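**Q** Line by line, the protein sequences are chains A and B.
Going by numbering that gives the first Met the number 0, 292 is the number at position 293 of the first sequence; the sequence numbering is gapless.
Going by numbering that gives the first Met the number 0, 85 is the number at position 86 of the second sequence; the sequence numbering is gapless.
These are computed hints drawn from the structure, not numbers from a lab.
Given the structure is predicted, the values throughout are model-derived calculations rather than measurements.
Note that CB positions come from ideal geometry on N, CA and C, so glycine has one too.
Certain hints may be false.
[As the list claims (entries may be wrong)] Pairs of lysine to any residue, SDA-like flavour, derived with a Cα cap of 20 Å:
1. Lys121/B x Asp6/A
2. Lys7/A x Asp123/B
3. Lys180/B x Asp123/B
[As the list claims (entries may be wrong)] What the simulated footprint calls covered on chain B by chain A, stretch by stretch (three residues with Cβ under 8 Å from a Cβ of chain A suffice, anywhere in the stretch; the number is not a length):
4. 137 to 148
5. 225 to 233
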Amino acid sequence: MKSFLKDKILQLIPTLVGISLFSFFIIRLVPGDPVMLMLGERGADPKIYQEMTQSLGLDKPVLEQYAIYMKNAVQGDFGKSIVSKRSVTSEFFARFPATLELGVCAMIFAILLGIPAGVYAAVHRNSLPDYLLMGSSLVGYSMPIFWWGLILIIIFSVTLGVTPVSGRLSVMFDVPSMTGFMLIDSLSPEVISEEGFAPFISAVRHLILPTIAMGTIPLAVVARMTRSSVLEVLSAPYVQTAKAKGQSFNKVVWRHAFRNALIPIVTVIGLLFGSIITGAILTETIFSWPGIGKWLVASIHARDYPVIQGGILFIATMVIAINFLVDIIYTYVNPKIR
Amino acid sequence: MQVEEVGFKHSVREFWDHFSDNKGAVFGLFLVLSFIVLAILAPVISPYGSSEIFPGQLRLPPFWSEGGSFQFILGTDDLGRDVLSRLIWGAQISLFVGVSIVFLSTIIGTTLGLMAGYFGGKTDIVIMRFIDILMAYPSILLAIIVVSVIGPGVTNAIIAVAIVSIPSFTRLVRANVLEIKERQFVMAAKTFGAGPWRIMFKEILPNCMATLIVQTTLGLSEGILSTAALGFLGLGVQAPTPEWGIMLSDARPYIESSPWLVTLPGLCILAVVLGLNLFGDGLRDALDPKLKR
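Make the full structure from the sequences, and use the hints.
**A** Quick look at the structure:
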């Protein structure tokens, strides 16, 4: 296990260096003058142009620029946003809780519905419910979520009028940000003593549609994975033995089959984290959710390169760290693949 | 020669027997074929041009709703263009973009996979770390980063999504090569003095074809989906091209008054992607000898 860990960590280093190089050079790959591009019409003033070039360090040799960039990055300094003039790091962490809250809700939605659906389909293999469940999960898997979000709005907000269309909270309420997670902040003693549970209910209602939109593809993946994983385990000899011993069917399924089927399911859930970011970019754009997905798209439209650079470095590092953890946990639970 | 032909016919027959058992896969094939036919026949069957504007005929509903007519079967958009015609021309754009993406990513991804698997050692390490880096970026994010560097537009969208699709091909082919290169016919070719490139492309590659065909189908569905997402974000194909993703985002302001403008392009994307996924799943089951009953 130790040498396995060492190998894995050693493999991680070139990837991390590669990511930092990629994020660093992206700004320099832009055809033409990046400073002019960023300033747009504002760039006409040579003094502003000069300041910008210096503040981005673009007047130094490229290797020195990279060294400075990495030195600052290690200390958590990713430069300043051109649009807001605030530091990229604080901008990122101001928005990250919103994305995390939505992502966690979407994953809970996917797991709570996907695992029972998958187990049910596996146990009732080749029955009508199995076909219906697997058919709809393939539809869910193929879903263009930017369209699905709009359809949900048409059904639930426009036609039925039961859910809000955008944002995290009704404008009627003012919830001071403590943790950044609206579901937690809206339950703080001060908020409850002032406005009761209304802000919390508003936050929940705002979460419903984005959660469904973002959770649909993970739901489909979890359901399909659970079904095939449980099917595989159900035909294993020890399950047959348990059946032969006369144990009740439910006990066989949940005690023996499901527990062993969990390993690949958990792995898939871990690996879905990367797709959460993809989902966030589209879902947040549709529902005006103030998270990092919407922030990055806006920065790309505004050519705010320090933000793009910092944002993608954060996200890529996070994805790698999570895949690494999933890898380690997977090997730990399943020593066969070591 | 004749024996070979009979053998080929037999295996096609056997493949079709397995494939047609799977009703979903046949339905998928039907969806994919109708999409291709629509795309090819667009100039013939589309009632109007894709950018033909009918002044004063703005946002007319489809024929089945009140106020709709058979002149514009699926209604008109906010500029007075026929929705049905734009959807049909959109099929052509999606097919063209999707096939270009798969073409590029298959060639690059497969070559990298062959090299990594066959040469091993340092080549393998360098290629696979490069793939790891690409995979650290969530797919849509990587595509929008590439677009933010090279700018939006059809060609650039194709390049961006193709880059995103490379890793899945490389990893698949590499895994296949690792297994195949130890087989006897590869050893035999080596003994006869075949060079590495000949062995890779003439001996090993044909044996990866089954899995590669499946991956191509699934890659096509992902490519079409990502291109539509880019179009929707305003970073892909640009207006007035009748691309389904742009049609969707153009229709967003009218979501309350003219919901069909949002519904129809999305249904087209869903139908094509679902068709390709069903077809791909069916292909995998029919081609994978391990799953054969």
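**Q** None of the hints should be skipped; say for each whether it holds.
**A** Results of checking the hints against the structure:
1. At roughly 16 Å between alpha-carbon atoms, lysine 121/B and aspartate 6/A fall within 20 Å of each other, so this suggested pair holds.
2. Straight-line distance between C-alpha atoms of lysine 7/A and aspartate 123/B comes to about 16 Å, which keeps the hinted pair within the 20 Å bound.
3. With a C-alpha separation of about 14 Å, the suggested pair lysine 180/B and aspartate 123/B falls inside the 20 Å cut-off, and the hint holds.
4. As drawn, the region 137 to 148 of chain B meets chain A at 9 residues by the rule of a beta-carbon pair under 8 Å; at three or more, the given contact holds.
5. Residue count for the region 225 to 233 of chain B with a Cβ under 8 Å from a Cβ of chain A: 5. That meets the three needed, and the coverage hint holds.
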